[in-house]
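Work out the full structure, taking the sequences as your base and the hints as a guide.
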Amino acid sequence: MKKCLALILTVVMLLPVMALAENYAGEIVIGIYEPASGTSGAGGKQEALGIYYANYLAPTVELSDGVYKVKLVEVDNQSSPDKAPSAAQQLVSEGVSIVLGSYGSGVCIAAADIFDAAGLVAIGISCTNPQVTLGNPLYYRICYLDPFQGTVLANYAKDEFNATKAYTLAELGNDYDVGLAYYFAEAFKGLGGEVKGEEFPKGNSDFTAYLTSAVNSGAEIIFAPTSVEYATQIITQAAANGITIPIMAGDTWDNVRILEAAEGTDLSISVSTFFDEGDTGALAAEFVTGFKAWLNENPEKLANNGGSDIVAAVSALGYDGYMVALEALKRADSGDRDDIADVVAEVTYEGVTGFIAFDENGDAIRDQAFIIKTDNETGTWQFVKVQNVSDIAK
Amino acid sequence: MYDFISANLPYLLAGISVGGQYAMIAIGYTMVYGILRLINFAHGDVFTAAAYAMVYMNATMPLYLSLPLTILFTVILGYSVERIAYKPLRSAPRMSIMISSIGASYLLQNLMWYITSGLARQYPTIPWISKTVTIFTATTKMVTLVTPVLTLVLVLLLVQLINHTKIGMAMRAVSKDFETSRLMGIKINKVISVTFMIGSFLAAIGSMLYFTNYTAVVPTAGAMPGLKAFVAAVFGGIGSIPGAVIGAFIIGIVENIIKAVGLTTFSDAFTFALLIFILIFKPTGLFGEVIHEKV
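Chains U and S, in that order, give the protein sequences. Position 358, counted from 1, in the first sequence is what numbering that gives the first Met the number 0 calls 357; the numbers after and before it change by one each time, with no gaps. Position 28, counted from 1, in the second sequence is what numbering that gives the first Met the number 0 calls 27; the numbers after and before it change by one each time, with no gaps.
Calculated from the structure, these hints are not laboratory results. Glycine included, each C-beta is placed from N, C-alpha and C at the ideal position. The reader is advised that the hints may include incorrect statements.
Unchecked claim - Partial selection, computed: residues in chain S whose CB lies under 8 angstroms from chain U:
# : residue
1 : A6
2 : Q108
3 : N109
4 : W112
5 : I114
6 : S174
7 : T264
Structure (structure tokens):
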């Protein structure tokens with residue numbers, strides 16, 4: 000009896016192996032390093048959705064010795080630089096070939112050393128702080144950087160709102176917030192404007208005082224590139240306090256929560272982002288339709304996208320990130336970490352968010368950002384313009 | 000002058016409103032301390048749990064049901080924390096109960112983290128108190144005006160309860176002398192349970208007011224207000240209800256004045272610097288009773 004049971008169990012255990020052997024030459028594991036909880040959890044989930052969608056469309060990769068199945072392993076870095084290293088370590092021990100992520104720059108900076116020590120290439124998806132790739136030879140990224148984003152937004156503030164005085168608000172100690180606010184301020188001052196900057200402590204929930212300071216300082220624009228969790232509070236409190244100054248922010252605010260908070264208010268909110276849902280280019284349009292259909296099929300995925308099928312820019316970037324990783328695997332012609340590290344810099348890819356190629360720092364060469372603003376009646380994003388780097392007077 | 004007032008009124012309003020909300024939490028701390036000589040660290044998390052209860056209940060039922068049910072849930076939660084984490088340790092050294100309360104606090108926090116995966120939830124809109132009003136030159140939510148009034152009314156009721164009812168008399172007796180009141184036939188377990196229930200009831204009301212203003216609910220949302228309310232209770236003299244209320248208003252207002260003068264980054268540091276300062280120079284706080292050595 001016992002022998003019989005053991006035999007059956009052995010056969011059951013061997014089944015998946017046999018199934019694998021039938022179709023695939025092997026398995027390659029790609030790590031997803033994203034926050035699923037904490038202050039950036041909502042954005043991290045959307046970025047991961049883009050990756051899963053890409054994996055759904057392209058579940059295998061063809062190398063010279065056969066077709067490999069691509070398996071995704073996800074860890075939660077909890078949006079927190081002090082918890083991120085253990086999540087990164089987990090990916091290293093899982094034996095992943097390449098890492099995708101993260102949303103939020105602080106957690107990337109915290110994990111860079113660990114990936115580096117393991118010889119593991121990481122492709123940052125929407126982490127825009129320059130420190131992520133600077134000095135970390137194995138960290139690449141496919142989005143634009145904060146100095147560029149800050150400049151774009153400063154120019155927009157000047158051109159669109161004729162602002163001469165700006166107020167910036169950032170979370171103390173958050174690399175993304177503080178960095179972007181700094182680059183915005185530098186660019187804005189370069190254009191002849193004046194800037195008053197303030198920072199709020201982590202966990203703060205009363206923004207009335209900051210908004211009052213902004214009004215009292217005579218600012219004509221509020222620049223608040225904070226996490227979504229704080230952003231919704233800033234928006235509801237600005238509306239409650241009757242603030243009429245236009246509010247601007249960076250890519251993190253391209254989130255359905257912002258639309259929900261702004262709906263029905265009189266606020267003017269503009270943000271810069273990586274991708275526009277209304278993009279009519281063939282690649283982008285195909286992605287938007289396909290992604291929406293994929294989301295609507297499954298209530299859980301829809302919930303992870305914030306309960307609506309509005310396509311976030313980070314999902315599009317997540318999709319491109321996965322495709323770039325596949326390109327790297329093909330070019331290396333193996334799932335070996337060192338082989339990938341040797342070739343990833345040469346990868347180029349025509350993605351839904353535009354053409355991707357890396358410069359000597361490992362940053363994507365990007366020259367355009369999309370500016371969108373909230374439509375407070377319908378609760379949707381309205382496309383404003385594409386800002387090219389060449390349009391900006393240097 | 001006009002400009003000065005119109006520029007600074009929003010700070011003052013925010014200060015009074017947040018002060019009232021701290022007061023609601025501070026009363027819970029101070030009453031429990033008065034009776035058990037225990038700092039109930041889980042109180043701030045009960046406050047957060049009340050907010051989550053409201054978020055989830057409001058998703059499935061109308062407001063006239065979800066409001067009272069949230070209060071009921073919070074009262075039961077406060078009672079259960081006492082029953083499970085503190086009652087078995089009644090005769091243990093005071094330090095053990097305190098450590099147990101820290102454990103209860105983290106347990107609640109992590110449970111909430113587990114259930115909600117730490118993502119911010121939007122607090123439901125409670126009509127009327129969410130209405131926008133204009134006072135003088137400042138625009139704010141109705142809740143800012145309602146909070147101080149409601150706080151004072153509830154405190155007056157509570158003082159009546161303590162001074163003029165049988166259970167209130169028992170509470171006073173237990174806080175004076177735990178052992179003797181037990182010998183006099185007072186059911187101390189009942190008194191302690193009632194104390195926790197009153198504290199949780201006020202925390203539930205406080206959480207409704209607080210989160211109407213600051214609408215994002217996260218598992219750690221109650222930690223900071225909880226700590227500040229604790230400082231307020233110490234500032235007012237721990238064990239004293241009027242002291243806790245006055246301490247809470249002072250902390251709320253001063254915190255916002257500090258933000259108004261531009262030292263935004265230091266507003267939290269101030270509260271805790273104040274705690275150290277008080278513990279050094281007036282350990283009994285504003286209204287605290289002086290403890291006489293019994294010979």
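Numbers of the earlier hints that this structure fails to satisfy, in rising order
2, 3, 5 and 6
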